[in-house]
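Q: Chain residues, written in single-letter form:
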Amino acid sequence: MNIKETSLINLHKSQGAKLVEFAGYNMPIQYSEGILKEHKFTRSNCGVFDVSHMGQLFIYGEDSLTKDLEKIFPIDLQNLKKNQSKYSFLMNENGGIYDDLIITKINKGYLVILNAACKNNDYKIIKEKLNDNYKLELKKDLSLIALQGPDANNILGKILPDIKNLRFMHGGEFKFDNFNIYITRSGYTGEDGFEVSIPNEIAENFTKVLLDNGSKLIGLGARDTLRLEAGLCLYGNDIDIDTTPIEANLKWAISKKRIDDQYPGSEIIKKQIELGVKKLRVGIKPDSKVIARANTKIFNEENKEIGKITSGTFGPSVEHPISMGYVDSNYSSIDTKIFLEIRGKKVSANICKLPFYQKNYVKEV
Amino acid sequence: MSEVKFSKEHEWIKLEGEVAIVGITKHATEMLGDIVFVELPEKGSSIEKDGTAGVVESTKAASDVYTPVSGEIIDTNQTIVDDPAKINEDPEGAAWFFKMKMKDSSEMDSLMNKEEYDKFAKESSS
Chain A
1 MNIKETSLIN LHKSQGAKLV EFAGYNMPIQ YSEGILKEHK FTRSNCGVFD VSHMGQLFIY
61 GEDSLTKDLE KIFPIDLQNL KKNQSKYSFL MNENGGIYDD LIITKINKGY LVILNAACKN
121 NDYKIIKEKL NDNYKLELKK DLSLIALQGP DANNILGKIL PDIKNLRFMH GGEFKFDNFN
181 IYITRSGYTG EDGFEVSIPN EIAENFTKVL LDNGSKLIGL GARDTLRLEA GLCLYGNDID
241 IDTTPIEANL KWAISKKRID DQYPGSEIIK KQIELGVKKL RVGIKPDSKV IARANTKIFN
301 EENKEIGKIT SGTFGPSVEH PISMGYVDSN YSSIDTKIFL EIRGKKVSAN ICKLPFYQKN
361 YVKEV
Chain B
1 MSEVKFSKEH EWIKLEGEVA IVGITKHATE MLGDIVFVEL PEKGSSIEKD GTAGVVESTK
61 AASDVYTPVS GEIIDTNQTI VDDPAKINED PEGAAWFFKM KMKDSSEMDS LMNKEEYDKF
121 AKESSS
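If you read the sequences in order, they're chains A and B. Per my numbering: the first sequence = residues 1 to 365. Per my numbering: the second sequence = residues 1 to 126.
Do not rely on the hints blindly, as some may be mistaken.
Pairs of lysine-lysine residues, derived as BS3-like cross-links and limited to a Cα-Cα distance of at most 27 Å, are as follows [unchecked claim]:
no., chain 1, residue 1, chain 2, residue 2
1, A, Lys-82, A, Lys-18
2, B, Lys-86, A, Lys-345
3, B, Lys-60, A, Lys-216
4, A, Lys-18, B, Lys-114
5, A, Lys-271, A, Lys-289
Derived DEER-like restraints, expressed as beta-carbon distance ranges [said to hold, decoys possible]:
no., chain 1, residue 1, chain 2, residue 2, range
6, B, Lys-114, A, Arg-167, 56 to 64 Å
7, B, Ser-46, A, Glu-93, 52 to 60 Å
8, B, Ala-62, A, Glu-319, 12 to 20 Å
Facing chain B, according to a computed beta carbon distance under 7 Å, are these residues of chain A, among others [to be verified]:
no., residue
9, Gly-34
10, Leu-36
11, Lys-40
12, Phe-41
13, Val-318
14, Val-362
In short, the hints are calculated from the structure, not lab data. Where is the CB? At the ideal position from N, CA and C, for every residue including glycine.
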């Protein structure tokens, strides 16, 4: 398989990026400053992330499209306003998650942002479910650039003053260099910020302008520590085809209005909401400085195995190791004492509330 | 000052009389990235050459640390446990990992000198 590159590849190289293959793309895991500094810069200033590997699926159609998409996604699309975004899932009949995604209502249709590793499969599933009745475009000519951090609003505002009027999880059309770009106020770090869908030919120039205004490029390594501090799931680690949104503690993303409706997995989701689940995603903090990474086994005080870590790292802003994982739901309440098996030793830890780091979203403007 | 030798697992070792001081190389820290956790062997424990003698974890992954020679651990560097970032700052100086009493000083002969290690590191990372 050919390794793909994004339109920012030359910029990455010029900033000292360490490139690794991720979901078929040659992507920057970090730049010359390293993950810790990149993480902290994003929390204190503004980080710029190339997430062009992610899928940008545009679906266009008439009024019936909304109803047909509600048969696929468990959200209330009829009450979704134009330029409003919602987090949702593509599920199988068992409520297992094919992908988690952001869906935004745009002019004449919807924009769905998909995970890089899932996008081609998602496209196939969605296209099939829509019976070829609508126009679907999984864009290859668009890049996706995220700005995240407390300075994101000011830096992007220098180029596009109207950006300040966007609220969290809302988007709008803007112009850069006479090209149309679409921007939403959203992200994956727990900080205020924006995600910019922009034609490939101007993506590098646009990013350079952001860098000239005081932001820095941040790699996927820091993106991972940032999202984990913010308690956000990484598809493939914290959620996958064997977990449901209810088990993943993401019930809030299932629209209340849709609970009695039909969509893939709807019966199981409804049952799980009513009767509860056997396993649940939780936040976990070891008592010591040891890091519990993915696949670490979790035990109760009687030495019985009760779950598994799905993500774990050192949280640079919380200055402590942090993990997420699934435990037997009897052990899921905050402050439950658990034990993690790390390199043959059992180390004590506690179930703790998510997020580890308080989010700074801008809900009012 | 005695010669510093290097292992294929990216440790350095320096002899001061009968005591060997061991740490990880600058090249290793560059490969690992920011180090955020370190676990050192217990004082008084005896470890055979190439045995596990601790762990370093960066933001990215965990890696074992090995002893380049056999011997008894007589001292460990607690300052790097308290502040693992020191390992990135001065890996081949202040951020040594442990000191050991060597069992067999001829084991030093099998290790690489600086020139050989630099070549090895360059080849293994390309």
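Q: Check the structure against each numbered hint from earlier and tell me which ones fail, lowest number first.
A: 1, 5, 11, 12, 13, 14
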